[in-house]
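Peer 1: Take the sequences, apply the hints, and build the full model.
So the protein sequences, as listed, match chains A and Z.
Quick note on numbering: the first sequence equals residues 141 to 284 in the numbering used here.
Quick note on numbering: the second sequence equals residues 107 to 541 in the numbering used here.
Hints in this document: simulated from the structure, not taken from any laboratory.
Computed from a predicted model, the values in this text were never measured in an experiment.
The beta-carbon is built from N, C-alpha and C at its ideal position, and this holds for glycine as well.
Check before you lean on any hint, since a few could be wrong.
[Claimed, not checked] For the chain Z half of the interface with chain A, some residues (derived, Cβ under 10 angstroms), not all of them:
1. N108
2. E275
3. L276
4. P312
5. P408
6. M457
7. I489
8. S495
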Amino acid sequence: MGALARRVRLPSRHQAAVFSTSPPGSKQVTVTFIEPDGNEVRATGEEGTNLMELAHENDVDLEGACEGACACSTCHVILEDEVFDGLPEPTDEENDMLDLAFGLTDTSRLGCQVLLTPEMEGMRIKLPSATRNFYVDGAKPAHH
Amino acid sequence: MNKFDQVAANERVRYFGNVLIGDSSNGGGSDAENGHVGKLSLSAIREAYDGVVLAYGASRDRLLGIPGENGTASGRIGILSARLFVAWYNGMPEAQNLEPDLTSFDKVVIIGHGNVALDCARVLLTSPDALATTDITERALNALRASKIRHVEMAGRRGPLQVSFTTKELREMTKIDGLRILCDRGLITTECQSPAGKAYLDTSRPLKRMMDLLLKHSISEEGAEQQGAGAAKTFTLSFLRSPTEVLFDQQWGSYSSVPQLVRFRINRLEGAPASAKAVPTDSTVDIPCAMALRSIGYASIPLEGAPFDKRRNIIPNIAGRVVGEDGHVMPGLYVSGWVKRGPIGVIATTMQDAYRTADAVLMDVDNGYIAGDSGRASSRENIDRMLASEGVAGARVTNDDWKRLEAFEIAAGEPMGKPREKVTDVPKMLEIIRT
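Peer 2: Below, the structure is given as structure tokens:
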């Protein structure tokens, strides 16, 4: 089973997913994702779309291993201070998963739990970058 | 379409299911002997591909090594692998013959303080009606409907600050209707409020939140007695307990005979919270049960053709590049996940790890270490020729094949209101795929 033995929970619980339906007359909101390598992707979605869905629709390199069920932290995104402060508090369940996120910051959220609002127009969303240590312990791999 | 489907649908990705790599001890077992499974050696794969990433996880579970662990000739199970129990209710073919004893007594003991242990406890204590709308197998659901288990005790050798499970899994226990959570609240408070404990919690927000959650939702054993035993289901999280033996059909308390008794030595803690050791005392305690499960850690197994570090139970590597016995990197061979780092960490950890290994592969391609003009044409034609010559082509299950099986499972689940009803038998799966 491997590390994903951790998936050995009761399967198919989409209890926390927030794939909301948009109210009539909802607005289009445009934001910019910043990928770990600095590449920027502009994405437009309807108000109420969650950031993970929006990223996936626009081929942004954001994972979503549990399909938005708030059961992993692979859709971790970093928001701007003022946007973060304007959002409702994360639920206990989201905080449980954020605790396990890689490179957690003070303005980290799970993409699957944050819904687009008109106030987010122009927002910049950072994807966390891994610390990429190619050579550990100072050891250099010998090739051939 | 989810992310996994998206990757599988990429035309540059090909899925090969039902193909066993290395010898049959690597998980295939009897199916391989029945001739349903294709077989390939790692060396044949490395011949055909410029790069190979080993990501086969940690399939072996660690044993306690105590008397009675393997049960009796008369059919008592002793201590069962928690992972096998999980595989049983999740429909894994190799676990379907398991007949967990859920009826000879009202209690199950689980040894270990990790997430797999909590998964087992949750399934045993959740009402079957609530499980009926998940994709748990009908076989497991029927067994759980007949279950007499009302109490689960989860014992670990160290204290509350050393548990390995995570907050989300513990929180799910707090949401089971009518379940009482019992633990030594005095110990938790003492551990959290000692100067060393306080300093340790200051460095770990997750652990601090978890201790708060546990104190908020638990009652002490004495508190439970005052409330009266009643009909309540209980989950007991016990600390400082190391199992020393399993006894069978013993007299216990007012019972003339209980099916199994697990004897625990009581420990005390020594050292700083981050690295505290369990030190044995002279006291013991016996816990009666129908069944005991063990989940005390996992280990990877070696694969023929790849080096293996027998002490750490991983494939030796530098940042994902496999290092051979001569201390040099083996060109084109990589590792990722638990077989690279050892069996620790959740999906997010493993994902970061996969990124790093993928970076190493790309870097080696860019630098011309692999996939260059080495004269070896790693083309699909060559790969297909190799698969045909090794006799794998006929056994292979493709992504489209899997989609057919998945459609069958989803249709089978629909009348029962389940997301799917899994097919739990490999020949049956192949029959559905091939017709």
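Peer 1: Now tell me, hint by hint, if it's right for this structure.
Peer 2: Hints and how they fare:
Taking 10 angstroms as the C-beta contact cut-off toward chain A, the hint placing Z:N108 at the interface holds, the least distance being around 5 angstroms. Against a cut-off of 10 angstroms between C-beta atoms, the interface hint on Z:E275 holds, since the closest Cβ of chain A lies about 7 angstroms away. Interface restraint check: Z:L276 against chain A, minimum CB-CB distance 9 angstroms, threshold 10 angstroms, status holds. With a least beta-carbon distance of about 4 angstroms to chain A, the hint placing Z:P312 at the interface is held under the 10 angstroms criterion.
Here the hint on Z:P408 is broken, as its CB sits about 15 angstroms from the closest CB of chain A, past 10 angstroms. For Z:M457, the interface hint holds, the least distance from its beta-carbon to any beta-carbon of chain A being 5 angstroms, beneath 10 angstroms. This hint is violated: Z:I489 has a C-beta 23 angstroms from the nearest C-beta of chain A, more than the 10 angstroms allowed. Hint status for Z:S495 relative to chain A: violated, with the closest Cβ pair at about 28 angstroms, above 10 angstroms.
Taken one by one, the earlier hints fail for this structure at numbers 5, 7 and 8, listed in ascending order.
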